[in-house]
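Chains as they are written, first to last, in my numbering: chain B, 59 to 374; chain S, 47 to 389; chain H, 1496 to 1998.
There are no misleading hints in this set.
Straight-line distance between alpha carbons at most 27 angstroms, and here's what the computed DSSO-like set of lysine-lysine pairs gives: (1) H:1879 with B:326; (2) H:1617 with H:1676; (3) H:1676 with H:1977; (4) H:1873 with B:326; (5) H:1977 with H:1764; (6) H:1643 with H:1625; (7) H:1977 with H:1818; (8) B:326 with H:1893; (9) H:1643 with H:1685.
Chain B residues, not near chain S, derived (Cβ > 12 angstroms throughout): (10) 79; (11) 80; (12) 87; (13) 153; (14) 154; (15) 206; (16) 208; (17) 231; (18) 237; (19) 244.
Because the hints were derived from the structure by calculation, they are not lab data.
Virtual Cβ for every residue (Gly too), placed ideally from N, Cα, C.
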Amino acid sequence: MSAARTSIASLARRIGPNALPIAILVIVIAFAIAQPAFLKPDNLIGIVRQVALVGIMAICTTFVIMTGGVDLSVGPVLAIGGLVSFFCLQLGLPLPIVLLAGLSVGVLIGFVNGAIIAFLQLPPIIVTLATLSIVRGSALILGGTDQHIIRDEPAYSFIGAGTLAGLPFSIYLFVLVALAMIFIQRQTPLGLLVTAIGDNERAAYLSGHRTRMTKTLVYGISGFGAALAGIIQSSQVHTASANYGPFGTELDVIAAVVVGGTSIMGGKGSVARTILGVLFLGIVNNGMNILNVSIDIQLIAKGAIIVVALALAELK
Amino acid sequence: MNIRPATFALIVFFAAILAFFCIFAPRFATPSTFENLMAGFSFVAILAIGQSFPILTRGIDLSIGAIVAVVGMVTFDLSLIFHLPGYIILPIALLVGTLAGAINGLLIVYLRLQPFIATLATLATYRGLVYAISGRQLVPGLSTTPISDKWITGLENYYDVGGWLGLSKLIGMPWFPLSFFVMLGLFALFQIILLGTRFGRDVHTVGGNFEAARLAGINTGRIIIAAYAISGFCAGVAALLLVARLTTSTEALGFGMELTAIAAAVIGGVSLAGGVGSVFGPALGAFFLGVVLLGLTQMGISQYVQQIITGAILLAAVGYDRLLVLRRQRRVTANISQVAADG
Amino acid sequence: MADTPIIKAIGLTKVYGNLPALSDANLTVMPGEVRALIGSNGAGKSTLIKILTGAVSPTLGRVQLNGETAPLGDPSEMIRRGVACIYQHSNLAPAMSVLDNMFLGRQRAYRFGLLDRRRQRKEALALLEKHAIDLDLDATVANLPTVKQKEVEIMKALALDARAILMDEPTGWLAASEVAKLHATIRALKGRGVGIVYISHMLDEIFAVCDTMTIMRDGKVIAESAVADIDRPRVVALMVGEKLARESAQATHQKRQPRGTGEVRLSAKNLTKRGVFRDISFDLHAGEIFCITGLIGSKRTELIRTFFGSDRFDSGTLEVEGKSVAFRGPTQAIAHGIGFVPEDRHREGLMLDMSMTENLAMATLNRFHRAGLISLRKMVEAGKRSIANLSIQPPDGKRPVRLLSGGNQQKVLVGKWLNLGPRIIILDEPTVGVDVGAKAEIYAILRAERDRGAAVLVVSSDLEEVMTVADRIGVMAAGRLKAVHDADKTGMDEIVREIGGDA
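Construct the entire structure; sequences and hints are all you get.
Below, the structure written as structure tokens:
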């Protein structure tokens, strides 16, 4: 009896950290049985392509959440990133400058967020809520409510719509960002520092680390991710609009991070887990679409997944 | 009762901004502007009053917009599909709102989820629920049928208070919408609960020092669940007022309102650190936003700039709150030095 | 009824993980009895108190209150049965008024929970008058100085009309005159048959106000006695244990090295922070252990924080190795080879969910990376070395620090700074909540650092500790450095006199 219990306990312990990959596997098998079309390469590629935007934003905002913060402003930053790139294209600037401009707007907004949060010590939810409003207003001033069509820019359009060796180029970008952030987390002091700040900011400060600069940087990364997603999206749909990244985008991004197992209180978490969270939500979404599950069940399932995933994490 | 400096500052700012627009915005100082203000922002104030309770317990409720939609759709269904009379629908609708809020509280207390996450999850779930029960989808053709039940449409009513009081002869008075009086009623009720009852004190204690509350024998779980239930209840009231105005409901009812409500509460001086604030500030905060937005509109300033200004106001509000905290800390240090000098 | 004890705790045991914090402890308090509960930090006093307030439920054992067995682990139940507690840390709601805080969780109310403020105010005023305490009932607690906040806590306990009051270091923040006032209050309560448990490190206070004492060590009750039947040396010997007492006696005979090598590493001249400390001047030498002792609230911690740049001073000069410095943050202090072990290792010292290796590397990350890349291999190797040198148990570098015992956690924290090879190492209460064995090891580490040539600055309330490790001793009271002694030319009695002199 007690032997059985220990073996169950040890099994639970072993499964614990791998619950998400196992859940993904189970779901893939379930969908594949219910609808064999699910496993077609086109569909699988489609899933990754679909999650690429939210995925890039979630990966880049993981550090923010690991430091115990949150970034609600990613939606409008996505919009303004695409818009700025569009206007730079209009000016006939070369592509690298266009991309640089689009990305630096995002990074800059992130830095402002981070600096206000870190140096003035204001609550992240409110600060990024305020910038959400400010950036959306700015984007609308810049581009109005129109959809600006991007024509005859093959190089720019390649970013979101092109294919390389049979795979959409946006997937390469997604993978690149993912690898880069995993590398930063595992191989550079920044990764360690982010965990340390989330675990105990005061102790990190007393260990001689520049915690406020680090927090500012981390929000800059989040802004970078949102702007990159904006560029990819505008290139994918050949339009830029101030209304892209509608309200709710930020919540999807945060959901992916926390379902991956990063604690909203900071400390525990990793980029790799966020990627799993993104894929998990993407697969569930796609599978339900293929099975023609209606939107109501899809939304309810999303809520239930968040609750179950976090309640399980709490039990451990 | 002493007025907190943050609240006092808000009153001063409110008066100043009101005076500013009355002087500089053309056609601002007219009855119709104030009618629009009361009609357009009473339900925001109600949501902000409700939102104060979770924030006071150091939580947050992201799901109120979705609860508004659920309650709106329940009202729609009961009236147009089941043809129930309004006096039965109203209590059911409020009960649904309260229940949805209480579920948030249960998730937070019993599953120990972070409020942000728990209400993020229910935000998705309740929105899904709206689609699931949407009478617009279940019974095609209903989407163009207005709700005509007098109990419900009666909520959208205007009263010529100025006329009754005989003031209209002196100055142009706006007609007061019923929603404004509902807001006043809820404000009075919750202000009394917060400041004048044991429950209100316990809410402050739980948010101000959770461990002290626990050790003082306060049933912290019950207080937290009740706080979210109140938030849900207020969302229910707001939903009914909106449905009465639109004479219908949509799946997107209340979309994005949680953030406006949170902003109003924070502008009203409710601290996200918990335990600080009342419902007067949030109610005033909602109208403060309203005055700014209406005033800017009448000055011909684009909506886009208004969004920027809204964000800036929000930043200023938290920044001011932070400043007060810093000043208080400095004063405490000064007090200690006083004691040291005496000793 | 006089024969029924107000509190009778029987066989209380509490195990955290596999670490016993309290084993088989008994405690009896009769009506009108003031019982001292004493022991070093980590002896199990807090755990015992937490069980009696219902904050923690014991693994084993039961508690009888007024002869009835009480259900445990529920604070409201204990309050209902008349047990109140004045905690060491604030248990007030900072944004609420004094009046509200006095009735926290037990607001007087009419029907429907409507507050009966008039009755509440009347009761509060009567209480303040009875105990001759001057408090503004409408003031917001957060705006009060700490001393006043402590009074609110005391009033909060008294407002309960409690049968038993537990006081955990109630005088930590109080000035001498206020301590006397508190003791008068305690005697008045005693006269009305209230039972009191009094926890304090200050033997003076215990001999002044207590009737009986229970001495704890390592989670066990090791002696009970009437205060009249015991003398101070005996109490101290019981508290720290015969072995440590013997060791410390031996250590006392060890060679002291006042002023070490004579080289001045850190020099403070007229250091002042308005309202906190004034005119602090002393030199810290290479190769010595300098201990600063004094009461809690004598601003020792505030002083040494300025040496590390985590706080600023207003005037005076601070010289490190002959150069005048004013650190704007720990980063600069660390660049000067200063290490700092804070008092509260959980809040300020360790990343509890990170591994031992990561924690050990935290202050010296720049040694483990090249061209911006971290070398995990190097980090793990350095961690292994530290773990072996400090004999941290279990020697598993991947283990999260949270799972270690207090003593081993403290060794990790100290080890983090040793990796820096500090020229000056500052430690604030280095053995709080650490078991006796680890204590001795930490002392050995400090001596080794001294012998290596580092300047060691220790702040400690634990006089035994001070007498054991110090080469020189500084005594602080009320923000001033009152005296500096060579450890071999002074004794416990002199230090005790100076500490308590006029706090």
